[in-house]
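Between the sequences and the hints, there should be enough to build the whole structure, so can you do that?
There are 2 protein chains.
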Amino acid sequence: MSVRALAAMAAKNPVEPYSYEAAALSPTDVEIEISHCGICHSDLNVIANDWATSVYPLVPGHEIVGKIAKAGAESGFSLGQRVGVGWQRSACLTCALCLAGHENLCAKQQAICVGHPGGFADRIVTDGRFVFAIPDALGSAETAPLLCGGVTVFAPMRRYGVTAGSSVGVIGIGGLGHLALRFLRAMGCEVTAFSSTPQKREESQQLGAHQAASSTEVRDIRKHAGRFDLLLSTVPARLDWITFIQTLKPNGVLCLVGAPPGLLQLPAGPLLTGQKTIAGSDIGSRAMIREMLEFSTAHKIGAQIETAPMSDANLALDRLRKNDVRYRMVLTN
Amino acid sequence: MSVRALAAMAAKNPVEPYSYEAAALSPTDVEIEISHCGICHSDLNVIANDWATSVYPLVPGHEIVGKIAKAGAESGFSLGQRVGVGWQRSACLTCALCLAGHENLCAKQQAICVGHPGGFADRIVTDGRFVFAIPDALGSAETAPLLCGGVTVFAPMRRYGVTAGSSVGVIGIGGLGHLALRFLRAMGCEVTAFSSTPQKREESQQLGAHQAASSTEVRDIRKHAGRFDLLLSTVPARLDWITFIQTLKPNGVLCLVGAPPGLLQLPAGPLLTGQKTIAGSDIGSRAMIREMLEFSTAHKIGAQIETAPMSDANLALDRLRKNDVRYRMVLTN
Chain Y
225 MSVRALAAMA AKNPVEPYSY EAAALSPTDV EIEISHCGIC HSDLNVIAND WATSVYPLVP
285 GHEIVGKIAK AGAESGFSLG QRVGVGWQRS ACLTCALCLA GHENLCAKQQ AICVGHPGGF
345 ADRIVTDGRF VFAIPDALGS AETAPLLCGG VTVFAPMRRY GVTAGSSVGV IGIGGLGHLA
405 LRFLRAMGCE VTAFSSTPQK REESQQLGAH QAASSTEVRD IRKHAGRFDL LLSTVPARLD
465 WITFIQTLKP NGVLCLVGAP PGLLQLPAGP LLTGQKTIAG SDIGSRAMIR EMLEFSTAHK
525 IGAQIETAPM SDANLALDRL RKNDVRYRMV LTN
Chain H
225 MSVRALAAMA AKNPVEPYSY EAAALSPTDV EIEISHCGIC HSDLNVIAND WATSVYPLVP
285 GHEIVGKIAK AGAESGFSLG QRVGVGWQRS ACLTCALCLA GHENLCAKQQ AICVGHPGGF
345 ADRIVTDGRF VFAIPDALGS AETAPLLCGG VTVFAPMRRY GVTAGSSVGV IGIGGLGHLA
405 LRFLRAMGCE VTAFSSTPQK REESQQLGAH QAASSTEVRD IRKHAGRFDL LLSTVPARLD
465 WITFIQTLKP NGVLCLVGAP PGLLQLPAGP LLTGQKTIAG SDIGSRAMIR EMLEFSTAHK
525 IGAQIETAPM SDANLALDRL RKNDVRYRMV LTN
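Protein chains in written order, with the working numbering: chain Y, 225 to 557; chain H, 225 to 557.
Certain hints may be false.
It does not matter which identical chain is meant; a pair holds if it fits inside one copy or across any two.
[Said to hold, decoys possible] Lysine-lysine pairs mimicking DSSO-like chemistry, simulated, CA-CA at most 30 Å apart:
{"no.": "1", "residue 1": "Lys291", "residue 2": "Lys447"}
{"no.": "2", "residue 1": "Lys294", "residue 2": "Lys236"}
{"no.": "3", "residue 1": "Lys447", "residue 2": "Lys294"}
{"no.": "4", "residue 1": "Lys447", "residue 2": "Lys473"}
{"no.": "5", "residue 1": "Lys546", "residue 2": "Lys332"}
{"no.": "6", "residue 1": "Lys236", "residue 2": "Lys332"}
{"no.": "7", "residue 1": "Lys332", "residue 2": "Lys473"}
These are computed hints drawn from the structure, not numbers from a lab.
Just so it is clear, the structure is predicted and the values come from calculations on it, not from any experiment.
Next up, the structure:
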């Protein structure tokens with residue numbers, strides 16, 4: 225079966241039409257007829273080979289929604305069922321981490337777009353054990369970005385016990401950050417948005433923030449000293465972490481879901497005296513993706529999207545490169 | 225009532241005989257006739273004014289054990305009762321953190337030796353709400369170092385859920401680190417000691433470690449890649465944190481209880497992909513001190529000490545400065 229896809233033939237190339245033969249389905253595999261695919265910042269990273277793990281031709285796309293076109297006998301899915309796939313395509317499912325429900329930390333985990341073709345395509349064959357049923361109440365286009373961006377910000381909220389009344393700051397109001405604002409508002413939190421873009425600071429209140437501040441002006445950040453139980457940073461940029469740490473309460477957590485380049489520079493003293501924590505978080509487990517989809521259904525949460533036909537993928541990628549998307553671009557077939 | 229103490233009259237001075245008039249007892253205060261006082265590395269810091277908070281004349285000493293000589297009517301203590309005091313002398317007891325049992329994080333907390341005279345003395349008047357009954361089974365000299373050093377390493381073990389079977393590394397085998405080895409071994413952990421001192425690495429197995437490694441040789445540290453649930457650093461020194469982070473399992477925690485000078489340099493990538501955590505911990509709450517004393521009683525844990533008469537305090541301080549103590553110096557009256 226031939227898949228019509230879009231692929232970057234080398235690092236930093238635009239994507240271009242590319243066909244490949246899909247593998248035969250194993251008993252746990254499914255073939256998905258893709259209707260929507262979100263574009264995540266990490267698609268730009270893998271196209272550019274920023275992490276030195278890319279394999280070309282590279283078919284990007286890992287926020288996939290579509291319908292089951294073929295279902296392996298043991299997949300548990302039925303034809304026509306609406307499903308989604310995120311960043312992770314597989315794990316060993318036998319190591320201690322997998323058995324404990326942390327398959328997103330499995331040493332043998334594989335990603336959809338790294339060494340395997342992704343969702344910039346009309347279809348994909350992938351392991352049904354990492355495919356998720358989409359609840360009927362959720363729209364396909366608005367849900368595609370939840371599969372990666374959504375769970376990436378939702379998982380640390382659960383891990384760090386965010387609940388009604390928690391004070392949470394979100395740094396970077398893009399594809400991930402705007403979803404964080406929506407989740408946090410629905411959880412009953414006191415929500416602060418930090419963005420370097422004045423217009424996004426204005427828009428952040430419609431997205432769920434109670435207040436907004438600059439992510440780059442030290443004086444603006446300092447006004448929030450001692451405020452946050454959790455500070456969630458979605459930006460792959462160097463920021464003034466020393467000042468941001470001062471915005472945490474004692475026992476507060478700065479959780480990074482975007483990786484800044486180079487080394488973080490952090491003072492040890494404020495970590496000790498306020499028992500503060502710096503941590504990273506990496507997408508989410510399958511249980512967390514299900515929980516996030518249920519929460520999104522209950523609270524009517526989806527991404528704020530712009531759509532473009534799959535054929536305009538290069539224009540869409542360029543708009544993301546220019547930080548010009550409000551707030552997630554979703555390609556449609 | 226005149227207290228006969230030893231005080232540094234200015235930063236970095238030796239201590240010298242110094243008398244002061246103790247305040248009258250409030251209803252919650254007690255007067256303790258001091259029998260033993262441990263010497264902690266932070267006594268060197270406050271004598272040297274390393275944290276720019278010292279007030280002179282400065283009476284060091286905050287690992288105090290003695291007997292109740294006077295008891296305020298509301299103190300709950302009785303004359304002759306054996307008690308101990310650690311680093312913290314007071315907190316507001318009304319803020320949200322205090323009410324939640326985190327008085328060690330109270331913004332208004334005060335330390336024994338900072339602006340108040342400490343335990344290098346024949347007696348001390350202090351708030352009985354931060355004084356702890358010493359269980360009969362524990363020796364006074366071996367218990368004094370538990371009040372600060374002990375709880376400082378015990379608290380993060382509880383906070384991070386250390387339990388039988390946990391793999392824990394301890395960096396720096398001094399006053400704090402040797403107690404960490406003893407606690408961890410009693411908890412049923414797999415225990416690894418990291419020290420820059422070859423002789424301490426040899427001695428660490430008698431203290432509870434299953435194995436020992438250099439804390440400064442990268443090749444030695446790397447042999448423990450992916451090993452630890454918790455890595456507890458007791459050293460106020462710059463180490464190769466990038467390599468140490470590689471010794472953590474996914475979801476592992478590097479907890480600092482000693483503050484390295486300058487800025488920590490940390491890569492964000494390994495924090496994200498393994499969901500690793502860097503955090504600080506600051507002494508422990510009153511509940512944690514009680515729990516630690518109960519644990520020490522049940523498992524017969526005390527500090528490995530050397531004793532010296534109070535009059536030899538300067539010699540004892542110098543030995544600590546030279547990293548020549550095995551493993552905690554305790555002054556006796």
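Verification of the supplied hints:
{"no.": "1", "hint": "Lys291 <-> Lys447", "result": "neither (48 Å within a copy, 48 Å between copies)"}
{"no.": "2", "hint": "Lys294 <-> Lys236", "result": "neither (33 Å within a copy, 77 Å between copies)"}
{"no.": "3", "hint": "Lys447 <-> Lys294", "result": "neither (55 Å within a copy, 47 Å between copies)"}
{"no.": "4", "hint": "Lys447 <-> Lys473", "result": "within (13 Å within a copy, 37 Å between copies)"}
{"no.": "5", "hint": "Lys546 <-> Lys332", "result": "neither (34 Å within a copy, 47 Å between copies)"}
{"no.": "6", "hint": "Lys236 <-> Lys332", "result": "within (27 Å within a copy, 55 Å between copies)"}
{"no.": "7", "hint": "Lys332 <-> Lys473", "result": "between (37 Å within a copy, 14 Å between copies)"}
In the structure shown, a violation is registered for the earlier hints numbered 1, 2, 3 and 5, in ascending order.
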